[in-house]
Amino acid sequence: MKVVVAVKRVIDYNVKVRVKSDNSGVETANVKMSMNPFDEIAVEEGVRMREAGVARELIAVSMGPQQSKETIRTALAMGSDRGIHVLHPDALEPLMVAKLMAAIIRKEAPDIVILGKQAIDDDSSQTGQMLAALLGWAQGTFASKLDFEGEFVAVTREIDGGLETIKLKLPAIITTDLRLNTPRYASLPNIMKAKKKPIEETSPGDLGVDVTPRLITVKVVEPAKRQAGVKVENVEELVEKLRNEAKVIS
Amino acid sequence: MQVYKAPLNDMKFLFKDFLYDGGFDIIFQNSDFEFSDLDLILDQAARFCEEELLPINQTGDGEGCSYERGQVITPTGFKEAYEKYVSNGWQSATLDKKYGGSGLPYVLGVFLDEMMSSSNMSFGNFPGLTTNAFAAIEKSASEELKDLYLPKLATGEWSGTMNLTEPQCGTDLGLTRTMALPQDDDSYRITGTKIFITGGEHDLSENIIHLVLAKTPGAPKGIKGISLFLVPKIIPNPDGSLDKNNGVECGSIEDKMGIKASPTCVMRYNDAKGWLVGELHKGMSAMFVMMNGARLMVGVQGLGMTEIAYQSALFYAKDRLQGRHPGGAKHPDKPADPILVHPDVRKNLLKIKSLSEGVRGLIALTAAQVDVARLEKDKLKKQKAEDWVALMTPIIKAYGTDIGSESANLAVQIYGGHGYIKEHGVEQLIRDARIAQLYEGTNGIQALDLVGRKLTQHNGRLLRSFFDLVENYIEENSLNEQLEDFVPLLTESIERLDQVTAFIAAKGLSDPSEGAGPAADYLKMFALTAIAYVWTRYADISYKKQNDDPKGFYKAKIESGKFYMSKLLPETGYLMASIISGAKSYTDYDDVNFETGFQL
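Protein chains in written order, with our numbering: chain A, 1 to 250; chain B, 1 to 600.
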């Protein structure tokens, strides 16, 4: 089986994100960047399939500026075989990412594509679903368990009410949820090997995808500060406030 | 709260700006290591230390090691962390590729050691000793022993220890009583008791390899009759599989002030099978390979403690609201200002910060010289590098650990009464840091090593490796106006050091106690001056880079350096005055005078 995983370079989860002073976005200059944690889970799943002999090749794809190669290198150090970097200096919308992924997938013809369920920077949670639609493939989103049976994969999904298991025919798109696995650290010998693994560079132009933004960001602001609460004297006052101020009961 | 993020920006600065651009490109020779590996290695090591080792630091201290019938059980989580540590290949980092190591530069290994020391000093002792045992075996043992033991030490499947101390002999190893009787098969039978053996017994690795100092029958008296032996806990078969238990037993573990997760063992050798490492009666020089590495490592532990003390104190100083800035409220919207606004708190924080960064640079320079000494083909350059390392080893060990302890104390001071409460975790830093001033030769012994041995060796040649470098640098930069806050003060301190060196050499020749008396003060003067050189170099680099400084990193370096030069370096003046006034006031002090204040 051939596996493709998508990895995105995002602001490190430890960093306290700040809004730019002109409200055009968040500050990314001189901020620590790392691989999106959900994508780490995707890579880990791919590496485990590789180790279990289910997969014979694992390809890590990233899109973004030159520095995205560092993110691919991390995926290689975790155990991916090779990388593909779609070089593009500016932000890409989920639909563009999905189209670029679709172009790569048509070329590479993998049996399964694993993506994070969302990236922790914009929290869109759209790319995997759009990609499935563009390719006409089955999708198993928010996966917490994968079981391969011949040309099928049983995907346990985390849904609002609990867990749901669906059976998909391969090839399929999977997006990872937090409990699918615990990603490993890259080991020192694998870090040393990573630089010898190939990273192919391509671009939206090469892939024939128009990445002109379709969305306009009007304004980015900090979430409103939480207001301090008030103490009520008795139940009557509480009911009164819930009814007349909060308007949550009638 | 124990707060720690590996100082990666500083480490990358040291590697790239300070060392690589500073002419140390030789460290990339004969290694798979490339510049582009640096970030990923440091990042992954930092994650491991922050996510796996730091969380078991305070719990490990609370739980401690336990002992039961010869077995030592490490605290919860240590076994799992050790398994991850070795399976991720960190044990092998700087070891020779020939025996399964990764062959990384020594200087990079030192950065990894620092992270480990900050996040969990107790844990760091296990792999640290293995690395140093590896070095001693590699340097002196027979090919047969190397082929059998080194690959297993490199993977961390087996761990290492060093056994010097006995109940009646600590610093004075000539008093060693442990005996080694030669056998027909080239092995020896070792019998005796060793104490204070770090990691002498534990449950992390499947076998433990002890390097033991002992005497053979008829050996010369004192230090010249000592030999070094390799004694495994379990005797291996030639293929490396484990055969049968050796006559080695852990009698008990010490109940200590700190590093409670690192077992300090009494080891009993009862007719244990051992093999000679190096030549007969040359045990001290073979063991010194291990001791020198261990002394540097302990200095690095001191640095590690300094860094976590700093970050933990800074966290609290920003968080704790008490009082107002003396010049008026800085945060009028809050009920009080964070204590970071108070001048005394700021001064203490900056003291820790500037010492931490300064010592890190001195250690990086010295560790890079270890690489140079290993790789350099040119004999003179190689010798210079070796001289530097020999000279700086006692300085780094003693001063690095002194500031570790002092910084931990300052951190508790910044926490106020809360620092005294165990829950906050900073009092642990004091207890852990304290041992580093004692083991691997107390800091007093380090000072004697500097004054009694390193100063006089080869007619003072070792000193030249430092003085020439600094004096040449000053000459080249005497007209550098940008460095006006640095070079004149560096010049003053190196002149003081020069004067005091001459004073001690002259006085000590006629009266040895005049040399021994001020040795610790002299070592401190030396350290302060060496760190002044480091800060001057930092400032030099930073002024050149300040136009491309989006993070303000270089600007901060210059400001921290100015603090160091004007607030901490002046201590060399006090130390000089104290040294020059001679040692008579205490060497000639009548012994009975010590007891005049009370009735015996």
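Note that these hints are calculated values from the structure, not bench results.
A hint or two may mislead.
Said to hold, decoys possible - Calculated cross-link-like contacts (lysine-lysine; reagent style BS3-like; alpha-carbon spacing at most 30 Å):
id, chain 1, residue 1, chain 2, residue 2
1, A, Lys195, B, Lys551
2, B, Lys79, A, Lys193
3, B, Lys555, A, Lys20
Stated by the list, open to error - Here's a subset of chain B near chain A, in silico, CB distances under 7 Å, partners left out:
id, residue
4, Asp32
5, Asn88
6, Trp90
7, Ala93
8, Tyr99
9, Ser102
10, Gly192
11, Lys551
Said to hold, decoys possible - Simulated coverage check for chain A against chain B, where a stretch passes if three residues somewhere in it have a Cβ under 8 Å from a Cβ of chain B:
id, segment
12, 55 to 65
13, 73 to 81
Note that beta-carbon positions come from the ideal geometry of N, C-alpha and C, so glycine has one too.
Here's how the hints hold up against the structure:
As the CA atoms of lysine 195(A) and lysine 551(B) are separated by approximately 28 Å, the hinted pair is consistent with the 30 Å bound. A threshold of 30 Å between alpha carbons decides the hint, and for lysine 79(B) with lysine 193(A) the separation of about 27 Å falls inside it, so the pair holds. Under the criterion of a C-alpha separation no larger than 30 Å, the hint pairing lysine 555(B) with lysine 20(A) is consistent with the structure, at around 23 Å. A hinted interface residue such as aspartate 32(B) counts as satisfied when its beta carbon comes closer than 7 Å to some beta carbon of chain A; here the least separation is about 5 Å, so the hint holds.
Given the 7 Å rule on beta carbons, the hint for asparagine 88(B) holds: about 4 Å separates it from the nearest Cβ of chain A. A least Cβ separation of about 6 Å between tryptophan 90(B) and chain A falls short of the 7 Å threshold, and the interface hint therefore holds. Hint status for alanine 93(B): holds, given a least beta-carbon distance of 6 Å to chain A, under 7 Å. Using the Cβ-Cβ criterion of 7 Å, the hint placing tyrosine 99(B) at the interface with chain A is not satisfied: the shortest such distance is roughly 14 Å.
The criterion of a C-beta within 7 Å of any C-beta in chain A is met by serine 102(B), whose closest approach is roughly 6 Å, and the hint holds. Because the closest C-beta pair between glycine 192(B) and chain A is about 38 Å apart, greater than 7 Å, the hint is violated. The closest approach between the C-beta of lysine 551(B) and any C-beta of chain A is roughly 5 Å, which is under the 7 Å cut-off, so the hint is satisfied. Look at the segment 55 to 65 of chain A against chain B: 0 of its residues bring a Cβ nearer than 8 Å to a Cβ of that chain, fewer than three, so the hint is violated.
Using a Cβ-Cβ cut-off of 8 Å, 3 residues of the segment 73 to 81 of chain A lie near chain B, which meets the minimum of three, so the contact claim holds.
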